[in-house]
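**Student:** Model the full assembly from the supplied sequences, consistent with the hints where possible.
Residue numbers (this note's numbering), protein chains in the order written: chain A, 476 to 962; chain B, 411 to 512.
The hints are simulated quantities; they were obtained by calculation from the structure and are not laboratory data. A few of these clues could be false.
Straight-line distance between alpha carbons at most 30 Å, and here's what the computed DSS-like set of lysine-lysine pairs gives [as the list claims (entries may be wrong)]:
#, chain 1, residue 1, chain 2, residue 2
1, B, Lys496, A, Lys631
2, B, Lys496, A, Lys584
3, B, Lys496, A, Lys505
4, A, Lys631, B, Lys503
5, A, Lys918, A, Lys584
6, A, Lys505, A, Lys584
Below, a sample of chain A positions facing chain B; criterion: calculated Cβ distance under 10 Å [to be verified]:
#, residue
7, Gly617
8, Met637
9, Ser647
10, Leu651
Label pairs and their in silico Cβ distance ranges [as the list claims (entries may be wrong)]:
#, chain 1, residue 1, chain 2, residue 2, range
11, A, His831, B, Leu439, 31 to 39 Å
12, B, Val484, A, Gln674, 31 to 39 Å
13, A, Phe524, B, Ala431, 48 to 56 Å
14, B, Ala431, A, Leu752, 27 to 35 Å
15, A, Ile530, B, Ile427, 49 to 57 Å
Beta carbons: idealized from backbone N, C-alpha and C, even for Gly.
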Amino acid sequence: MMQFIMTLPWAIMLILFPLTGAIISFLWSKQGNKIGLVTITFVLISVIFLAWSIIEQDVYLHTIGGWDAPLGINLYADGLSLVMLIMTALVGLGISIYAISYFSADQSKRFWPLWLLIIAGLNALFLSSDIFNYYVALELIGLAAVSLTALGNTRKAFLGAMRYLLATLLGSLLYLFGVGLLYHGFGSLDIATLSRNVQSTPVLWVSFALMGGGLLLKTALFPLHFWLPPAHSSAPAPVSALLSALIIKSSFYILIRLWLSIFGPLGDGTVESIFGLLGAGAILWGSFQALRQTRLKLLVAYSTVAQIGYLFLAFALAMSGGSIAWNAVVFLAFSHALAKSAMFLVVGNLLRFGGHDEIIHLDRVAQRLPITTAAFALAGISIIGLPLSGGFIGKYFLLESALLQEQWGFVIILLLGSLLSAAYIFKVISHFFTPSSTPHDSKIIPANMEWAALLLALAAILLGLFSSSVLSIVDIGSPFELEGEKL
Amino acid sequence: MNMLFIYALTGTGLFFIGFYALIIHTNLLRKILALNIMGSGVFLVLISLAMRSGHSSPDPVSHAMVITGIVVAVSATALALVLMLKVVDITGKPDLHDQEDE
Numbered sequence: 476m477m478q479f480i481m482t483l484p485w486a487i488m489l490i491l492f493p494l495t496g497a498i499i500s501f502l503w504s505k506q507g508n509k510i511g512l513v514t515i516t517f518v519l520i521s522v523i524f525l526a527w528s529i530i531e532q533d534v535y536l537h538t539i540g541g542w543d544a545p546l547g548i549n550l551y552a553d554g555l556s557l558v559m560l561i562m563t564a565l566v567g568l569g570i571s572i573y574a575i576s577y578f579s580a581d582q583s584k585r586f587w588p589l590w591l592l593i594i595a596g597l598n599a600l601f602l603s604s605d606i607f608n609y610y611v612a613l614e615l616i617g618l619a620a621v622s623l624t625a626l627g628n629t630r631k632a633f634l635g636a637m638r639y640l641l642a643t644l645l646g647s648l649l650y651l652f653g654v655g656l657l658y659h660g661f662g663s664l665d666i667a668t669l670s671r672n673v674q675s676t677p678v679l680w681v682s683f684a685l686m687g688g689g690l691l692l693k694t695a696l697f698p699l700h701f702w703l704p705p706a707h708s709s710a711p712a713p714v715s716a717l718l719s720a721l722i723i724k725s726s727f728y729i730l731i732r733l734w735l736s737i738f739g740p741l742g743d744g745t746v747e748s749i750f751g752l753l754g755a756g757a758i759l760w761g762s763f764q765a766l767r768q769t770r771l772k773l774l775v776a777y778s779t780v781a782q783i784g785y786l787f788l789a790f791a792l793a794m795s796g797g798s799i800a801w802n803a804v805v806f807l808a809f810s811h812a813l814a815k816s817a818m819f820l821v822v823g824n825l826l827r828f829g830g831h832d833e834i835i836h837l838d839r840v841a842q843r844l845p846i847t848t849a850a851f852a853l854a855g856i857s858i859i860g861l862p863l864s865g866g867f868i869g870k871y872f873l874l875e876s877a878l879l880q881e882q883w884g885f886v887i888i889l890l891l892g893s894l895l896s897a898a899y900i901f902k903v904i905s906h907f908f909t910p911s912s913t914p915h916d917s918k919i920i921p922a923n924m925e926w927a928a929l930l931l932a933l934a935a936i937l938l939g940l941f942s943s944s945v946l947s948i949v950d951i952g953s954p955f956e957l958e959g960e961k962l
Numbered sequence: 411m412n413m414l415f416i417y418a419l420t421g422t423g424l425f426f427i428g429f430y431a432l433i434i435h436t437n438l439l440r441k442i443l444a445l446n447i448m449g450s451g452v453f454l455v456l457i458s459l460a461m462r463s464g465h466s467s468p469d470p471v472s473h474a475m476v477i478t479g480i481v482v483a484v485s486a487t488a489l490a491l492v493l494m495l496k497v498v499d500i501t502g503k504p505d506l507h508d509q510e511d512e
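**Tutor:** If you want it as structure tokens, here you go:
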């Protein structure tokens, strides 16, 4: 029986379930909430079984229709893909539980098909091993995400969504141009085949510039982050959560994959320094802007800009030869996804509760919404990187590899970044406890909206406690060996 | 071969013209058109690169990529136009600079 369950193609179900769910919830829109919850539960179960079979039997490889690469398209999952899939399923569950109470009936009709499409796209992306498949998944995710951003139906939401759409389309076009050149130069779209064929020619680096530029724009790395704060802060709370937690990570994941298998082994260190510099800029600029904001939602959005900086700092340290730094990348991405989605859900609760998100006018929130307050505090612990949280493990690895490589500049940036993030988190928390000078009525928050936020925040802390088992999962198929030959 | 080089060069040219227009124009319709011109540039490059030296038939994979790209471009343009109409409805003008935006 167990053997039979393990041989089922769980990876394919990870794509098929949400895709089917999206279509059904579109056709039968009145039952959106139920269909959505059932679908996300199936996705979670599929991830668990896929994880189980990968842990037992090593990396997963599926040749679609029996055609092997380079003729066919392969689905491939190693430790890195698996961790990303787990991240998607966990955050997806939290956001779905929250969304059933958050949206009005009319919004809910539009939310579920698009959200399930995004899950399908994300899962497809994390399972792909083909640079053109990445493009298709990116577009699927991008267009659905833009539509969700506009769901708020306000002036700011439409403007934010429009800006986001222009940025994401430009990013995809750059990426597609790069894919075309890479294919022309080295005759394949399959990552494993490419990693064997590539040579350091001008075509290779032009295509890296195009693909990398497109992906940086989509990941919103400073100074290409201009579209992020308006889009993430004007979308409805669950949508902001999924944009910040998951969508940003998808383009970042592609960048890691491309770098590890194709471009990294041929690089000479220039890209590393550029990424490191931009990452440092993002940390300082994002944190500084977050500190200046008077509206909580914008503060959280700018905090995302800063946290993206950490991902690239880790990327830079890892590229110059520290395997510890790759683990830092995984932990930072995963814990940021959990903590930041929790934070955006908290902001959604506060907006519903008091009708506004002006930080200084938060009115005795801690006494009246203890669960939401706890969720914000726990998520804050992980964002700052205080001990035992997932964020702490990430930043600790980062600091360790910066010290080992004697990159003192990065060490200073890391410490300064933590200090700044502590400042903006505590600034908010201090207003949770005080009465506001303009007291206001409060609305009741459904329990599942409070608990969804708390559970996501708790997961971000637990990630730190279970760091060794996460590390052993990441190691499956050794995704971080630069040769890329084991793909 | 020379002919193909001209196509590829034209495609690259279109790409940059579109990029330039995307940056300098504030009118959303012009921005959307600019993205479409960039897209056409990319497609032209991909199609011209599909000709393989020593083969009589072009490489079908590039063509498949272009077809997928066109499908994506059509739906993205449709979405962009709808969003633009919404923006015009609500702000009264087709650009991203909103006076009420602080």
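**Student:** Honestly, which of those hints from before does the structure not fit?
**Tutor:** none
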